[in-house]
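Visitor: Protein chains in written order, with numbering that gives the first Met the number 0: chain A, 0 to 270; chain B, 0 to 281; chain C, 0 to 274.
These are computed hints drawn from the structure, not numbers from a lab.
Note that this is a predicted model, so its numbers are computed, not measured.
Don't take every hint at face value.
[What the hints assert, rightly or not] Label pairs and their calculated CB-CB ranges:
#1 Leu117/A x Ser88/B: 46 to 54 Å
#2 Ala134/B x Tyr35/A: 28 to 36 Å
#3 Glu73/A x Gly52/B: 16 to 24 Å
#4 Asp235/C x Gln175/A: 47 to 55 Å
#5 Tyr35/A x Gly215/B: 21 to 29 Å
#6 Glu166/A x Lys243/C: 49 to 57 Å
#7 Phe80/B x Asn174/A: 16 to 24 Å
#8 Ser41/A x Ser88/B: 19 to 27 Å
#9 Lys173/A x Ser181/B: 23 to 31 Å
#10 Gln175/A x Ser88/B: 29 to 37 Å
#11 Ala178/A x Glu193/C: 52 to 60 Å
#12 Gly52/B x Ser41/A: 19 to 27 Å
#13 Asp66/B x Leu199/A: 37 to 45 Å
#14 Ser181/B x Leu117/A: 53 to 61 Å
[Said to hold, decoys possible] Residues from chain A shown here face chain C by an in silico Cβ test under 7 Å; the list is partial:
#15 Tyr13
#16 Arg16
#17 Trp260
[Unchecked claim] Straight line, CA to CA, 25 Å or less: simulated BS3-like cross-link-like pairs of lysine-lysine:
#18 Lys67/C x Lys131/C
#19 Lys178/C x Lys131/C
#20 Lys264/A x Lys31/B
#21 Lys9/C x Lys9/A
#22 Lys178/C x Lys184/B
#23 Lys116/C x Lys9/A
#24 Lys184/B x Lys131/C
#25 Lys9/A x Lys131/C
#26 Lys67/C x Lys18/A
#27 Lys184/B x Lys243/C
Cβ coordinates follow ideal geometry from the N, Cα and C atoms, glycine included.
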Amino acid sequence: MAETLSSATKVWQYRSRNKQLLSWFIWLIGTALFMYCWQRVSESTTWFFVWDAPRIAADIGSRMMPPRWSYINELWGPLWDTLNIATIGTMMAIVMAVPIAFLAARNTSPSTRFIRPLALLIIVSSRSINSLIWSLLLVSIIGPGVVAGIVAISLRSIGFIAKLLYEAIEEIDKNQVEAVTASGANSLQILIYGIVPQILPAFAGISVFRWDINIRESTVLGLVGAGGIGLQLNASLNVLAWPQVTLILILILLAVIFSEWISAKVRHAII
Amino acid sequence: MTDIPTNPPDTEVSGQQTSTFTANWSPPPFIKNPLLRWALLLGLILYLFLSIGSLDVNWQRIYVGLDRGAKFVNGFMNPNFAGRWTDISEGMIESLIMTVTSTAIGIAISIPIGFGAARNLAPLPVYLFCRGIIALSRSFQEIIVAILFVAIFGFGPLAGVLTLSFATIGFLSKLLAEDIESIDKSQAEAVQATGSAWWQWLNYGIQPQVMPRLIGLSLYRLDINFRESAVVGLVGAGGIGATLNTAFDRYEYDTAAAILILIIGIVMLSEYISGYIRAGVQ
Amino acid sequence: MLEIKQLVKKYHTGDLAVNGVDLKVEKGQVMALIGPSGAGKSTLIRCVNRLEKATSGEIWLNGENIVKMRSGKLRRARRNMGMIFQEYALVERLTVMENVLSGRLGYVGFWRSFLRKFPQSDINAAFGLLEKVGLDTMVNKRADELSGGQRQRVGIARALIQKPDILLVDEPTASLDPKTSRQIMRLITELCEENKLAAIINIHDVALAQMYAERIVGLREGSIVYDGPPDDLKPDVLTEIYGKEDWTAVRKRKPKIKKSIEEDSTTEEHLEEMQ
Chain A
0 MAETLSSATK VWQYRSRNKQ LLSWFIWLIG TALFMYCWQR VSESTTWFFV WDAPRIAADI
60 GSRMMPPRWS YINELWGPLW DTLNIATIGT MMAIVMAVPI AFLAARNTSP STRFIRPLAL
120 LIIVSSRSIN SLIWSLLLVS IIGPGVVAGI VAISLRSIGF IAKLLYEAIE EIDKNQVEAV
180 TASGANSLQI LIYGIVPQIL PAFAGISVFR WDINIRESTV LGLVGAGGIG LQLNASLNVL
240 AWPQVTLILI LILLAVIFSE WISAKVRHAI I
Chain B
0 MTDIPTNPPD TEVSGQQTST FTANWSPPPF IKNPLLRWAL LLGLILYLFL SIGSLDVNWQ
60 RIYVGLDRGA KFVNGFMNPN FAGRWTDISE GMIESLIMTV TSTAIGIAIS IPIGFGAARN
120 LAPLPVYLFC RGIIALSRSF QEIIVAILFV AIFGFGPLAG VLTLSFATIG FLSKLLAEDI
180 ESIDKSQAEA VQATGSAWWQ WLNYGIQPQV MPRLIGLSLY RLDINFRESA VVGLVGAGGI
240 GATLNTAFDR YEYDTAAAIL ILIIGIVMLS EYISGYIRAG VQ
Chain C
0 MLEIKQLVKK YHTGDLAVNG VDLKVEKGQV MALIGPSGAG KSTLIRCVNR LEKATSGEIW
60 LNGENIVKMR SGKLRRARRN MGMIFQEYAL VERLTVMENV LSGRLGYVGF WRSFLRKFPQ
120 SDINAAFGLL EKVGLDTMVN KRADELSGGQ RQRVGIARAL IQKPDILLVD EPTASLDPKT
180 SRQIMRLITE LCEENKLAAI INIHDVALAQ MYAERIVGLR EGSIVYDGPP DDLKPDVLTE
240 IYGKEDWTAV RKRKPKIKKS IEEDSTTEEH LEEMQ
């Protein structure tokens, strides 16, 4: 590092010259990149609208109040649909994600050369694509409706659950597995007695966590036609019925609070 | 106490003889309270019954749809990059630009809010205020916020940047605050005991402990923001979302597949790079 | 130099940790504080530099009452008190040098400390102290790469670079093996003698206390029950402090420090260890 002994005094530098230069260089590039990006964003923006924004926000705000409470009668069905999309979608995802997680974990994968990369590819593909985009795809293929939403949620959730699960599998205590192996158990028994008990708490936590996130995501899938309360949201926005929009947003907020509460309770009980 | 099986009276417990127990054992149930257990189980079965029953599945439509599905898979095998390359490249670049901008702005705002939301650093009113902002940010899906911002600020990437920055706050500040609340107190105390000022205390006692996690979380958020930037375009907030939507509308599955492959590729690349950076920062 | 008057510390839970303690420490006096766990030793020292807020009482350091000080004055007072912690309390991710220099934070402005541009005199002092504690080859190693004994020595250097009037030492040897414990105690007492520093050393090992301190104060349930030279630490006194036990294993104090280094057979190893 940077210590030079000059006649009487020792000098100390926090970073060597090279590291210091590198650090400055990175900051420079970062700032330049940001300035460039900001400029591009700025070019594509109609600044006139932006300066007008407070007025428009106030206008919309006034139109949104008070919420049209009577509209709630049309929302119970879609709310139930939203709950189902999230729950059934998560359940389907769990069923598919568990085997994929085992195939993707370094210590349980049958083949680290072929099967593991394939499993990892499935995981990345699944999580790279937002559930809304999956919904777009599915609505285009099998038509609008709750089923498209369920499949979209499950396709997205596979990647999330499998990733966290395989990371948990890779972090298990090897001693416990060794002990079970030493008693003469076969692979399946090792799995059930040595590995599964260790990842069960993590698994439950991950599943509930994803269910919670899925409730949020399911509320908006209807914007592209995949069922749930998003359909009502889309319809209301199209006719600019702002009081209805407010009511829907309130319901969504309540749904989110509800699911977070359950999720926190379950994860607390597991630990 | 009554559960312990007792020795049958005619057996001696000595070095030579072994006592014979006859008792049944089964593993303890996951949920101890039997009432709760059965209630949950019945509730689950009832729910599944009701929910699946309420599904209105149009099998006819799905059957027809499988044909289109095959077309999509076909499109995936032969993705068409060339056909609409200008649209695709413009959209992707815009998405990337939005990602960089929103993550940078998001990080800049999240750090002070994260510090303000840490109970061991902030006075109560500041703490409550910052936690309030975080809760607000986390409550709504990005797409809803995007719709609102497009209505207020107009179409274009600015609405998208603002949406993603706002969403970043909820994520980053919350996790940063949690990290700050769980630091090793004694390290910070030692710095305090030397007579340092508050800013010095932050810089020497707190920052070294939370920096690695902060960098890791920021990289993760960069990844999330990129994926989200592909979606907000659906409602006019800029990015590749609009192009994707158009491709689906026109049933141009090969173009759509090309876009999806690009998205997956960029996410994979960013995972690789962030893995390296995170290891280096450890 | 340090005078504690009727110090009381009561926690919210009702626990009375320090119960009306009166204590005077003269300049250059090395004092050991002994007593069972929960006797209030840690709390007492932490009240002196206000890491804990005393419930009532006065603490006079060089003529000023620490208990009533406001933050600016408190910081300046803290500069004069070097604290050495039980679990070393080094900032793990910073290097040895940065940890030692952090002792000067009370004397250096924010920007200088942020950019790590400390004055050359501080850097010289740091190098000098690191050499003294035998860590001059590890200047840029990260703190979490060091062993327990090495970390404690960095902690000592950090406390000393403040050029304090008094050292507050909280169980310096609790996590160390017997040999390293002796090296650390020897180091602390030597440095105190060289720099004419007073010290309050909180220690649970009575034998070490007797060997290295010139005055012993015994604390029991928040009150002082013994205050005198190590030689007078008879078994009945120890019983009063700690409770009934076989005290015959406790060693008697060896005569003055200088002689003990010459007599101590582990000196050769001691010098080698310091390489």
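Visitor: If a hint holds in the structure, say so; if it doesn't, say that too.
Guide: How the hints compare with the structure:
1. Leu117/A x Ser88/B: 46 to 54 Å: 29 Å Cβ-Cβ, so the 46 to 54 Å window is violated.
2. Ala134/B x Tyr35/A: 28 to 36 Å: Roughly 34 Å apart at Cβ, these two residues keep to the hinted range, so it holds.
3. Glu73/A x Gly52/B: 16 to 24 Å: 21 Å, holds
4. Asp235/C x Gln175/A: 47 to 55 Å: 53 Å, holds
5. Tyr35/A x Gly215/B: 21 to 29 Å: About 26 Å separates the Cβ atoms of Tyr35/A and Gly215/B, which means 21 to 29 Å holds.
6. Glu166/A x Lys243/C: 49 to 57 Å: The hinted range 49 to 57 Å holds for Glu166/A and Lys243/C, with Cβ atoms some 55 Å apart.
7. Phe80/B x Asn174/A: 16 to 24 Å: 51 Å, violated
8. Ser41/A x Ser88/B: 19 to 27 Å: Given about 20 Å between the Cβ atoms, the range holds.
9. Lys173/A x Ser181/B: 23 to 31 Å: Holds: the Cβ-Cβ distance is about 27 Å, inside 23 to 31 Å.
10. Gln175/A x Ser88/B: 29 to 37 Å: 52 Å, violated
11. Ala178/A x Glu193/C: 52 to 60 Å: Given about 56 Å between the Cβ atoms, the range holds.
12. Gly52/B x Ser41/A: 19 to 27 Å: 53 Å, violated
13. Asp66/B x Leu199/A: 37 to 45 Å: Because 42 Å falls inside the window, the suggested range holds.
14. Ser181/B x Leu117/A: 53 to 61 Å: 38 Å, violated
15. Tyr13: Hint on Tyr13/A: holds, closest Cβ of chain C at ~4 Å, below 7 Å.
16. Arg16: 14 Å, violated
17. Trp260: Constraint on Trp260/A not satisfied, violated at 30 Å.
18. Lys67/C x Lys131/C: Since the Cα atoms of Lys67/C and Lys131/C sit roughly 37 Å apart, the hinted pair is violated (cutoff 25 Å).
19. Lys178/C x Lys131/C: 18 Å, holds
20. Lys264/A x Lys31/B: 16 Å, holds
21. Lys9/C x Lys9/A: 48 Å, violated
22. Lys178/C x Lys184/B: Violated: Lys178/C and Lys184/B sit about 29 Å apart, past 25 Å.
23. Lys116/C x Lys9/A: 14 Å, holds
24. Lys184/B x Lys131/C: 29 Å, violated
25. Lys9/A x Lys131/C: 15 Å, holds
26. Lys67/C x Lys18/A: 46 Å, violated
27. Lys184/B x Lys243/C: Not OK: Lys184/B and Lys243/C at ~36 Å, beyond 25 Å, violated.
When each numbered hint is compared with the structure, violations occur for hints 1, 7, 10, 12, 14, 16, 17, 18, 21, 22, 24, 26 and 27.
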